[in-house]
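Enquirer: Heads up: the sequence lines are chains A and B, in that order. Numbering-wise, my numbering puts 106 at position 106 of the first sequence, and it's gapless, one number per residue. Count along the second sequence starting at 1, add 1000, and that's the number in my numbering.
Hints are computed from structural coordinates only; laboratory data are not their basis. Be aware that one or more of the hints could be misleading.
The calculated DSS-like cross-link candidates involving lysine-lysine, where the alpha carbons are at most 30 angstroms apart (straight line), are [what the hints assert, rightly or not]:
#1 B:K1531 with A:K71
#2 A:K118 with B:K1657
#3 B:K1229 with A:K110
#4 B:K1576 with B:K1681
#5 B:K1229 with B:K1176
#6 A:K110 with B:K1657
#7 B:K1531 with B:K1063
#8 B:K1681 with B:K1587
#9 B:K1187 with B:K1233
#10 B:K1099 with B:K1441
#11 B:K1531 with A:K115
#12 B:K1514 with B:K1681
#13 B:K1179 with B:K1233
#14 B:K1233 with B:K1321
#15 B:K1780 with A:K110
#16 B:K1220 with A:K115
#17 B:K1168 with B:K1321
#18 B:K1392 with B:K1809
#19 B:K1514 with B:K1689
#20 A:K12 with A:K71
#21 B:K1229 with A:K12
#22 B:K1780 with B:K1809
#23 B:K1682 with A:K118
#24 B:K1681 with B:K1657
A few chain A residues that don't get close to chain B, going by computed Cβ distances all over 12 angstroms [to be verified]:
#25 T5
#26 E40
#27 K115
#28 A149
Partial chain B-side listing against chain A, Cβ under 7 angstroms, derived [unchecked claim]:
#29 G1399
#30 E1433
#31 L1600
#32 L1602
#33 L1612
#34 A1717
#35 R1722
#36 R1725
Even glycine gets a Cβ: it sits at the ideal position worked out from N, Cα and C.
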Amino acid sequence: MTLETEVEALRKVPLFHGIDETKLRLLAFISERTEYTSGERLCSQGEEGDCAFIILAGSADVLVDTPEGEKQVAQVSENSIVGEIAILCDVPRTATLVAANDMDVLTVSKDDFLKLLKEFPDISLEVMRTLALRLERTTRDLADARRGASGD
Amino acid sequence: MVTVLTYPVVYFLLELPKLIVNDAVQGDNFPRNVFGFDFDQIPYLVLLCCTFLGLVVVSNGLKFYLNVYKGRLGERMLRRLRFELFQRVLRFRLPHFRKVSSGEIIPMITSEVEDVGGYIGEAFALPAYQGGMLIVQLGFIFMQDPLLGLAAVSSYPIQGYVIPMLQKKVILLSRKRVKNVRVIADKVGESITGVAEIHANDAAAWHSADISDRLYENFKIRYEIFNRKFLIKFLNNFMNQLTPFFFYLIGGYLVIQGNLSIGALLAVIAAYKDLAGPWKLLLSFYQMTADVSVKYQTVVENFDPPDIHDTERLTADDDVKLDGDVKFERVSFSGGAAGQEVMDISLTVPAGSSSAIVGPDGSGRSEVLQLAAGLVSASSGKVLIGDHDLDKLTDSTLGREIAYVGGAVHVWTGTIRDNLYYGLRHRPLVPPERSAEEKKKYKRRVNEANQTKNPVYDLAAEWNDFAAAGVNNDAELDEKALELLETVRLDNDIYRLGLQSRLDPSMNDAFAEKILNVRKSLAGRIANEPKLSGLVELWNRDSFNASASLAENLFFAVPSDPEITMDQVPELEEVKKFLAETGFDQKLQQIGQKIAETMLELFANVSGDSGLLGSYSFINQDELPEFERIVRIAKSGQQRPGLTDADRSRLTGLAFKLVPARHRLGVMTDDLRDEVIEARKKFLESVVKSGDSFVAFDPDVYLPPLTIEDNLLFGRARVDRRDARRRIDNVIRTIVEETGLRHPIIYAGFGYHVGVSGSRLSAGQRRRIALVRGLLKNAKITILDDIATGLTEDDKTLRSALREVLSEKTFLYGTSNAEIAAEFDQRFVLDQGRMTDTG
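Bound conformation, chain B alone:
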């Protein structure tokens, strides 16, 4: 619509210069009558020029509107397309993931469809706008003179035929490139996931060679592509330049003959200049259409496996109750490889009973359990729970009514809490309160989501399904989770993580208050019990703490930002200033130099591979030569080339790390101790109080940059007492338990970030977290595969605790050990995909 509006505007824009030259500049018979007004020559010229200016504004305004419109349309379509692709990934059947990898899928969803989205916006606007433009402009030229018109279009047939031919080859090359990039992405992704393997097997060279080869392939293709692209460009440009040649020749001739006015020729040339744009765009539009349709197909064919699940299975929110026995009716399944088959199995697990599925790996045990969980579908036969065929049910039923924890668990990047409650987050339940301003923003978000057929679920809502877990609120849910953590014996681990985590006291005042109380009673106990007093050195403003580093002693404060390490502290502006003012910069450099000298002397003859250097020196092997240079310069006392600022802060950093009781290098004299204590008061006055980059050690204040444990102890375990750390930990644990702080600390541990895919947890911890996640769901049917299958006392108690927790529910347990299976109500023994025994 808007596009059509622009056509007359453009026509007038072309016509006006002609009017200006022919009528206003060269014309006579003034004044002219326009809309009933009379104009002399000059005012007439001004009027025409102003109209011209006005039309330019209107025409560009329309263009702007069109561009924004098509940009928005493109982005919306892109969002929709990306979401659609992602949803398709979720709809893949599990065995399909053995064939595709994330490294390939990710670039397809992210970068490869980018062009497609951009194209969709263009697809409607460009042919209409630029095509129309072309016709208007050509029409104008033809109306001035048909001969000139022919000259203008003379090169089109050639461009229209030759260039697409060349283009075809380029498209084929880009398709090859896309596939190659996909492989590169996949290889890089794989190298990242398996980086430990690479180092452990010294396979870096192999991977480097592999990637290098692929990159060369990429280079070759790209080189080919741009060779051809520039050839096309060259041809295009040449053709476009050729046409003006005809204009000047034919047009000039016509003007001389008097068959054409100069104004008309000027206007034609101006029109032709404009013409180049639309024509070029139309050509590139044609190229793009071909290119994008190839890309689109390359992408989409990967997301359309024949056996994809229905969208319904993913999006439905029905809530079928799965009561009744679990029944396998002549079920067969093949995972596509030996040892992943199940052949003609019929079995019944009565509701509310516990059953063991017994069989070694490759016996079909895991497949049977996955079939029972509805994760994979039988190729023949039926898996039923009650009267419901699992294959006909949706995720919303399967995921809520069945809890499945397999041998290979996945822990999500995020906090422990996120992972524990993951199984309860099916749909948003309680929308968050929003202020007027936020409501507006949210409305826009929902509107966009609707426009793009994305889901409108609110991530900020309360997702935890309290009812499913059998609790009423967050606090009860935490309690329930803790109970289960105790059942699987993960509570101690989480407690330790909680001790190591930091707490924002503004979030939980009361908790910080309690920690301060424990700190006081601990200090009291240490003061009164001679046995303990020898184990700890508490922070005391008036005395030197030999078990702490020189930096901690000097500042008697810690950086407010826990991310700032001791190596970075000498670089801080306020620290530099303070050190210069107190003269400590010189002293620290001398200490640093002395340390460096000693290190060099001690470790000069030690070979790098002995491992001695790594564990004891402040300096590692790579830094030795660097410090050798620094010490040499410092010793020579030369002014030039003296120590650089960086060298100085390295020495200072070294001195900061000195812990006098551990590193008995004899640099800490009594005088120096006194000076440090003096200086720390100055630091408190000048830096800590005036800014907020440091937090001072204060027995009455909770220190957020320190861990909960450090806040409890408020001091250092003495490094010169054997096992002081362990012994004082025991004392802390008893006090914490006496004061009822254990649970809050465990809850603080819920906030521990588990790292990428839980990499900061051990394999056992990951399994147990997944187990608690499954148990928290409170599902009617719980399926565990390869969990706690050891014969140790620990695993035995865990198994009986699990049976206890799941006593009212249907419980399927996969194990390879027949002895363990005897603990369950009934057993189904599998061998090579067939059932050999029941009992």
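One chain only, chain A, in its complex shape:
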């Protein structure tokens, strides 16, 4: 896969939806392209995050530590970005990522991602928009859950 195909993939990531192509190319270029084989760990809960993962191919299981051991809570697949929270603010990884099958991933380091946001404010705006949408959804889910809990 070359830069061009990576840009195609990046365009499908909701976070980068409104960003023009040359900037996506730059993002792709400053990212590292890595492969993961099934069962390999991308990151572990609790460790310090130094990069975000953009999944180009394959999918990964999201696991969280519970008293009974690690438990799968979700799965992330192609064209999604994970781990961006940990590189935007200094919090430890909130979950563990394990490759569910062979994966192709673009990793962008924290330093570079922040540099890119600083350089191009429109990317920051896009990121902010996506995070706000996510917050809105989470809040709604939470409200739903509360209603559900009090309703029965």
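Following the hints, complete the assembly by docking chain B onto the known chain A.
Expert: Just chain B now, kept in the frame of chain A:
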């Protein structure tokens, strides 16, 4: 002696032309009888002329001998003087170095005394030779005619009086200049040492202005000097030209009157011509004497502080054993500033015990420890070890019986090995074997050293004092050093440095062989373990290595000279030829152009200060406009003004740096890969095999230009696998440990060059190396100040390991932390130079 021999020769040289003209040319009554032989006029003329020629040869031969002799004498005296000055520097007491800097001392020893040395040679020969010459020549002129003689010397009184007056001013100016140059040297030296500070504080402008000011001062002084110098020259020349005027006038008159022969006049004029030389030289000798004596004083006063140590302290080779307690008897000391004082301290550290000297910086703690090491002397009271007053002992005792490692350690420019064994290199121990030819050379060296009162120590001898370190040979010494490196936990660092260093396989065949074995077992493991196979791409002649650069893939070899970087490779003649033959020059330029285009497109809108460009692009910010120009020209397809050769190799260089797996620019097609693999075979045939500028990748050969680590792995960690580098490093480490190669690699790390004053090591590494250097000495008394004073687990273990190593010895440990001090047998607490507590 030789000088006096020349006088008659010169006299005859003057006399002969007169004889030739008056007697041979104008004379009669031939034949003449010379030494019993008869000569006609023509043979007589020939005889006289030949004698003249012979005397010229003899006279110049004598001059040559004299010049060589005085040159040698001057150089010898210079060497002696320089050495003497250097030795004086070593004899300075430590506090003196707070007042003088290397920047000032260096020019004094190197350039400033140069004139003095040159002068010493002249000092004996010149007055005797030139003075004598002058008298002979003047005598000759006077003998021809006293009047002419008076004319010849008429200008001397004026020259002898006026010119020295002018000269005095010049000397004063040169003295000022010398001092100014010294300051410049000091400032430049300081700027070099503190260059990081300059950049960190943006102080370049300030330093530039400072130097510029000093240079202007220098300019002013020099301008003044040469103004005066040329005035002196003018006067001199004028006076010298004035005298011939008298000759022609007086001499011509005398000849016409018939009181003087033409021959005599000619000879007088010839003599006068010669006269100018010695007179000038004598004058300049006088000037030089004045000048040099000023310079000598300016230099020497700096090397003669009143409290300088005796030479004896430096050169003595006595070996007093320092057994017994360390005792301070009412010791006071002042370092010349607040916080560097010790007042009226008495303490006793029993032999074989460990004591902590406790106190914050400025409490006198460091001073007490330096007093105990004999590095500084008490201003009143006595520091004793056993019955010996430290102030009365020489370096040879203090330096061997006491190990001192202070807070500010110094690491010497050289290898780690040099630094570790530095404390054992007191005197040459075993002279090296020398062949007949070398023996002769060495004899001459010793002879010269003796003539100049320099030491005759042989630098090529074995200096490491095995006995002091408690070992028998080099191998055991290495082992001992390794043991101590493990104690201070520096072994892992040295191991890593060893992996990064290059090895000359011709020096150690067996080691290279072992590395090749590890390479094989590593390759086997990678082939068999699927987990590992994904992490590395090994060098394989028939496949493309996507984690390596295009250049490495194309050549499948590395330049034999590790100093040659990839940027320089396109410039190599054989590479150029190969690229042209295979048509790869065009291809690489196209690839380079494509890369440059992409870079320009990606980074055109990125501001320079974002830092994005630096870390990812092949091109840095400064090169962007340059490549913009190249791409513009290349795109336009114009013939003129086309790309220059330099532009082309820039593009080629860019293509060479491409690592396909990292830079996914889509330029590496499958066809291109195949072509590269094809071409690499040709390169192997045409370049690698025919010359020795490249070494091919070969799984069965140790590659000297690569580091030990690269030789072990023989491939590249994949750039598209996360942490591949770290994971494969772990694998290498395990294999290395299994095969017992760790120690040889650490020893290879001993050869690592630490850079200027250890600048290639971290501060912690420098301290630990100094610590091992101190411990290796195996001294009876070990003094550590401000070493491992942290409360971390690491420092704690180090401290207990140190106490373990030094358990039989007297151990003084300086710290500001009372908690740490509790680990020692006894404690002495200092506060503001006074002892407040013992226990």
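Enquirer: With reference to the structure, classify each hint as holding or not holding.
Expert: We went through each hint and held it up to the structure:
Restraint check for K1531 (chain B) and K71 (chain A): satisfied, since their Cα atoms lie roughly 25 angstroms apart, inside the 30 angstroms limit. Restraint check for K118 (chain A) and K1657 (chain B): satisfied, since their Cα atoms lie roughly 29 angstroms apart, inside the 30 angstroms limit. With a C-alpha separation of about 69 angstroms, the suggested pairing of K1229 (chain B) with K110 (chain A) is violated against the 30 angstroms cut-off. Only pairs whose Cα atoms come within 30 angstroms are accepted, and K1576 (chain B) paired with K1681 (chain B) is accepted, the gap being roughly 16 angstroms.
For the hint linking K1229 (chain B) to K1176 (chain B), the alpha-carbon distance of about 16 angstroms falls within 30 angstroms, and the restraint holds. Between K110 (chain A) and K1657 (chain B), the direct Cα distance comes to roughly 25 angstroms. Compliance with the 30 angstroms bound is thereby established for this hinted pair. Our distance criterion of 30 angstroms between C-alpha atoms is broken by K1531 (chain B) and K1063 (chain B), whose separation comes to about 84 angstroms. With a C-alpha separation of about 17 angstroms, the suggested pair K1681 (chain B) and K1587 (chain B) falls inside the 30 angstroms cut-off, and the hint holds.
At most 30 angstroms may separate the alpha-carbon atoms for a hinted pair to count; K1187 (chain B) and K1233 (chain B) exceed this at roughly 35 angstroms. With a CA separation close to 41 angstroms, the supplied pair K1099 (chain B) and K1441 (chain B) exceeds the 30 angstroms bound. Among the hinted pairs, K1531 (chain B) with K115 (chain A) is inconsistent with the structure: their alpha-carbon atoms are about 34 angstroms apart, more than 30 angstroms. Among the hinted pairs, K1514 (chain B) with K1681 (chain B) is consistent with the structure: their alpha-carbon atoms are about 28 angstroms apart, no more than 30 angstroms.
Proximity of K1179 (chain B) to K1233 (chain B) is assessed by CA-CA distance (about 26 angstroms); at most 30 angstroms being required, the pair is judged to hold. With a CA separation close to 66 angstroms, the supplied pair K1233 (chain B) and K1321 (chain B) exceeds the 30 angstroms bound. At roughly 54 angstroms between alpha-carbon atoms, K1780 (chain B) and K110 (chain A) are farther apart than 30 angstroms, so this suggested pair is violated. Under the criterion of a C-alpha separation no larger than 30 angstroms, the hint pairing K1220 (chain B) with K115 (chain A) is inconsistent with the structure, at around 52 angstroms.
Between K1168 (chain B) and K1321 (chain B) the CA atoms are separated by roughly 57 angstroms; this puts the pair beyond 30 angstroms, and the hint is violated. Taking the CA atoms of K1392 (chain B) and K1809 (chain B), the gap is about 23 angstroms. The hint holds against a cut of 30 angstroms. Distance check on the hinted pair: K1514 (chain B) and K1689 (chain B) sit about 26 angstroms apart at the alpha-carbon level, within 30 angstroms; holds. Proposed proximity of K12 (chain A) and K71 (chain A) is supported: the alpha carbons are some 29 angstroms apart, at most 30 angstroms.
The hinted pair formed by K1229 (chain B) and K12 (chain A) fails the criterion: a straight-line CA distance of about 84 angstroms is larger than 30 angstroms. Between K1780 (chain B) and K1809 (chain B), the direct Cα distance comes to roughly 5 angstroms. Compliance with the 30 angstroms bound is thereby established for this hinted pair. A distance of roughly 49 angstroms separates the Cα atoms of K1682 (chain B) and K118 (chain A); the hinted pair therefore is violated under the 30 angstroms criterion. Straight-line distance between C-alpha atoms of K1681 (chain B) and K1657 (chain B) comes to about 20 angstroms, which keeps the hinted pair within the 30 angstroms bound.
Not every Cβ of chain B is farther than 12 angstroms from the Cβ of T5 (chain A); the closest lies at roughly 9 angstroms, contradicting the non-interface assignment. E40 (chain A), annotated as away from the interface, has a beta carbon of chain B within 12 angstroms; the closest lies near 8 angstroms. With a cut of 12 angstroms on Cβ distances, K115 (chain A) falls inside the contact zone with chain B, its closest approach being about 5 angstroms. With a least beta-carbon separation of about 41 angstroms from chain B, A149 (chain A) lies farther than 12 angstroms from that chain, consistent with its non-interface assignment.
Interface hint status for G1399 (chain B): violated, as the beta-carbon distance to the closest one in chain A is roughly 49 angstroms, over 7 angstroms. For E1433 (chain B), the suggested interface contact is broken, since its CB lies about 57 angstroms from the closest CB of chain A, more than 7 angstroms. About 11 angstroms separates the beta-carbon of L1600 (chain B) from the nearest beta-carbon of chain A, more than 7 angstroms, and the hint is not met. Interface restraint check for L1602 (chain B): the shortest CB-CB distance to chain A comes to about 5 angstroms, inside 7 angstroms, so the restraint holds.
Against a cut-off of 7 angstroms between C-beta atoms, the interface hint on L1612 (chain B) holds, since the closest Cβ of chain A lies about 5 angstroms away. Evaluation of the A1717 (chain B) hint against chain A yields a violated restraint, the C-beta minimum of about 12 angstroms exceeding 7 angstroms. A hinted interface residue such as R1722 (chain B) counts as satisfied when its beta carbon comes closer than 7 angstroms to some beta carbon of chain A; here the least separation is about 5 angstroms, so the hint holds. Of the supplied interface hints, the one on R1725 (chain B) is violated, with its beta-carbon coming no nearer than about 12 angstroms to a beta-carbon of chain A, more than 7 angstroms.
Violated hints, listed in ascending order, are 3, 7, 9, 10, 11, 14, 15, 16, 17, 21, 23, 25, 26, 27, 29, 30, 31, 34 and 36; each of the other numbered hints is respected by the structure.
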